Amino acid sequence: MKDPYEILGVARTATAEDIKKAYLRLAKKLHPDLNPGDTRAEEKFKEVSSANDFLSDPERRRRFDAGEIDAAGVEKPAQRFYKDYAGVSGNPYETEAAYADFADTDSFFADLLRRRAAETRRVRGADQLYRLEIDFLDAVNGAKKEIGLPQGGRLDVTIPAGIEEGQTLRLRGKGAPSPGEGEAGDALIEVSVRPHPFFSRDGGDIRLDLPITVSEAALGAEVKAPTPSGAVLLRIPKGSNTGTVLRLKGKGVLRGEKRGDELVRLQVMMPTPPDPALEAFLSSWRPTAPYDPRRQMEQQS
Amino acid sequence: MIREQEFLRLAQLDRATLTVWIEEAWLAPAEQDGERVFEEIDLARARLIVDLRQDMGVNDQGVGVILHLLDQLHGLRSAMGELLGTIHETRAAGREP
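If you read the protein sequences in the order shown, they are chains H and Z.
Mapping of the first sequence onto this note's numbering: position 281 corresponds to residue 390, and the numbering continues sequentially without gaps.
Mapping of the second sequence onto this note's numbering: position 73 corresponds to residue 74, and the numbering continues sequentially without gaps.
Everything labelled a hint here was simulated from the structure, so no lab data went into it.
As the structure is a prediction and not an experimental result, all values here were calculated from the model.
C-beta atoms are modelled at their ideal positions from N, C-alpha and C, and glycine is treated no differently.
Watch out, some of these pointers could steer you wrong.
Said to hold, decoys possible - Just the calculated beta-carbon pair ranges, DEER-fashion:
| # | chain 1 | residue 1 | chain 2 | residue 2 | range |
| --- | --- | --- | --- | --- | --- |
| 1 | Z | 58 | H | 227 | 40 to 46 Å |
| 2 | Z | 56 | H | 115 | 20 to 26 Å |
| 3 | H | 201 | Z | 11 | 17 to 23 Å |
Based on the provided sequences and hints, a complete structural model is requested.
This is the structure in structure tokens:
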């Protein structure tokens, strides 16, 4: 920043009152809303108001006068002025009063204005953004939801099956009404999906860790496995391990025409608390073939 | 869209003042289901009115005059923008073979 005294045009000895007066005199001349087409005035206005902010703080002013700090003012966030809103089409306040006489006598101009008025009437309403949090299974299977609108009223939302976190639904014509007679804007609904306690998603596939008992793993079994469309019977092959992945065809997420699979990863669980009978059996157990699950790991290291 | 409660908070106005401003036609919010609803432009305009009255020492009569002139000024600016647009279109069309 330049010297704030210079910007405001006051002497270094100016009183707080003088500074305020000088600022107001300049602000009246430079206020961006009173100079809507003049970017230089806007620049100067910013300069003047930060100089005023700077010198209105007695401590900062004292330190600046003592040469302890320079006048690097605090950048204020870009302020939006009335002119920034008034300058776009559909400003309900603007009036033709200042040029109605031209329009009365000049048919070319009158024509142009009529066209413009028609365009303004046709301006589309604004889009409105909403957020909607849905359950994991609703995202997979699809659902119908209702959103309460801040201005009252409700919005029915059909969640298509297979929707993903962060996807946006567009409801045509459910946004803000047109300021004129144009069509309404759209409602945009950004969907976020709550995580599920045991399902997760991998594209079109559903992943699930399924705990099984030691005997189910060793001997094989048919167990109930949950899927997003209800539980199904899953055959666990004899000698399964933790980490064995079984595929349930067509139990995943519908995406377009295709339905993904559910991938069930088995997890062998020891009984808790430990079972003395199992312990007794295992201490007397002698495997018929050598059995070293870490052999490969040791060979490679 | 901004509802009245929120508008009063954002513009730091009380209800009585807002009512006077609307009666004076300084602000013209839309109405929906019997309630006033505001847009960003109304908020910016309310802030301008505050600037005029507080910082620039304009009295209430002056505010009305300034707003009326500003509304004409913005009307003129958009008419001029329209006119310029039409002139450019006509020129571009004239250049085509």
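Tested hints:
no.: 1; hint: 58(Z) / 227(H): 40 to 46 Å; verdict: holds (42 Å)
no.: 2; hint: 56(Z) / 115(H): 20 to 26 Å; verdict: holds (22 Å)
no.: 3; hint: 201(H) / 11(Z): 17 to 23 Å; verdict: holds (19 Å)
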